[in-house]
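Chemist: Kindly generate the complete structure, drawing on both the sequences and the hints.
Chains G and R supply the protein sequences, listed in that same order. Residues in the first sequence are numbered from 1 upward in steps of one, following the numbering used here. Residues in the second sequence are numbered from 1 upward in steps of one, following the numbering used here.
Worth double-checking, as some hints may not be accurate.
Stated by the list, open to error - A short, non-exhaustive set of chain G residues, derived as facing chain R with CB atoms under 7 Å: (1) GLY94; (2) PRO111; (3) GLN201; (4) LEU204; (5) GLY222; (6) MET229; (7) LEU233.
Stated by the list, open to error - Over 10 Å on every C-beta distance to chain R, these chain G residues come out as not near it, computed from the model: (8) ASP82; (9) PRO124; (10) GLY136; (11) VAL174; (12) LEU187; (13) GLU190.
What the hints contain is simulated information worked out from the structure, not anything from laboratory work. We treat Cβ as the ideally placed atom computed from N, Cα and C, and that holds for glycine.
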Amino acid sequence: MTKKYVMLADATRCINCKACVIACRAEWGTPLGHSRDWVREVEMEGPGGMPDLMLLPGRCQHCDDAPCVESCPSGAAYQREDGVVLVDHELCSGCELCVPACPYDARFLNPETGTVSKCTFCQPRIDAGQPPACVGTCVGRALVFGDANDPASEVSRLLQEKEWLRLTSDGVNVGPNHYYHTGGRPLPPEALPKPTTPHVQGRLLEEVVNPLAGAGLLGMAGVFVAAGMKKLLDRRSEVQRQEGGHHD
Amino acid sequence: MTERLIRVRDRRTIALHWFNAACWALLLASGFGIISGDDVRLAPAFWPGLVQNLAGGNAPVVSFHGVLGMVWAASILAFALFNLRRVVRPFLAEVLVLTPVTAWRDLRFTTVTLLRLFGLAKNAELPPQGRYNGAQRLLGTLIVLGSVLIALSGAYLFLAPKLLPFAANPLYGELFRWALMVHAGTVFAVLTGLIPHIYFAVVEEREALESMKSGQLPVDFIRHHNPLWYEELHRSGKI
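Modeler: Structure follows, in structure tokens:
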């Protein structure tokens, strides 16, 4: 059976030590000012009206309907059968059409490579049977990674044992494969994804150029197919008329 | 009785036309095969998959498209430079529609010609045409200006990611995205114009297609379709 990789983040176990962020940056050598993962702190009202803090470790959500893949013009953004969304750096032009398409703000233009960078679930490590760097270093075991299609995996067991939420909203549900356990509390609205605003050129391509091109090509082809048909029918009538005249 | 023929174009010009046509066919096939993202895809979904599978991935398709595009642009530029006075300047002087008055005149000619294909506007008067009629001038202008835009935007799309540090200046990426839009939009505009070009060559005016192989046109065809050109040829003693 095809694997289906998912990441589970137990917000009740996260202590905001950011060991995951350090491990990721060490693993991937991300340049200063950029990171492939993060821990989001959301202030909220806790039980009894007391101030509370929800900690949400985050990264690329490796969505089933990844909008970054759909907006990539060069085919550099792609998704493997196991659900991992990757970037082919040989193909990536660095045009950044994918960057604002991501509702989780998980992509950035790497100033050292000139290509777009993001969490890959540590693809070389997982392909070698190791956990992603962030999971391997998580002090509180808040992060668990594995194959959700394997009933014997830890993620399968945890998905059944606990209540898990995903970062989706009314306007944005692209099938993220990153789950959160919040101990029964709802995800705070500010943590939920908002509809994205793509680059104007991407919108023009999608909403103006492509529809106009389709209509123009089909319309023009239709006109000249009709003209050809009329010419054929006229010619047939002419031949019949001539043959009729000849017989007379 | 054999019809009188006159040579109207040389072998090099004919070779350039068919070279251009072959390049367009290959560039369209490969270009539409590059973009697979649903939001920006230019061709039906199966096409990028088919092309990339045949080529063994998208990288070879991108390289093929980019290199062929540069060969295409460089070849046409070289032809233009080496044949500037003899072929290119006279062609551009005849074909380019650069003023609103000529654009309106040629648009009217094109509309009436189109209507006549369906038996309409038979009584509409059309002015006598020169070597290129109004529809050919409009299409020629679209192809000439479109080719320049396609070549420039294509060169930027292919070379800029290899030569410019996109992360150092957001303008490089901004230009890339505009170039992508201009490239796709212009290709579609020219492609739309090529439909009537091919229809007239194959269905309505086979003599024109034949002349793009032999270089010769029947004198009667010129007299009927291009009376101003006929007069010009007559005056210069070529007919």
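Chemist: A separate judgement is required for each hint: does it hold in the structure or not?
Modeler: Here's how the hints hold up against the structure:
{"no.": "1", "hint": "GLY94", "in the structure": "holds, 4 Å"}
{"no.": "2", "hint": "PRO111", "in the structure": "holds, 4 Å"}
{"no.": "3", "hint": "GLN201", "in the structure": "holds, 4 Å"}
{"no.": "4", "hint": "LEU204", "in the structure": "holds, 6 Å"}
{"no.": "5", "hint": "GLY222", "in the structure": "violated, 10 Å"}
{"no.": "6", "hint": "MET229", "in the structure": "violated, 10 Å"}
{"no.": "7", "hint": "LEU233", "in the structure": "violated, 11 Å"}
{"no.": "8", "hint": "ASP82", "in the structure": "holds, 19 Å"}
{"no.": "9", "hint": "PRO124", "in the structure": "holds, 19 Å"}
{"no.": "10", "hint": "GLY136", "in the structure": "holds, 29 Å"}
{"no.": "11", "hint": "VAL174", "in the structure": "holds, 12 Å"}
{"no.": "12", "hint": "LEU187", "in the structure": "holds, 27 Å"}
{"no.": "13", "hint": "GLU190", "in the structure": "holds, 27 Å"}
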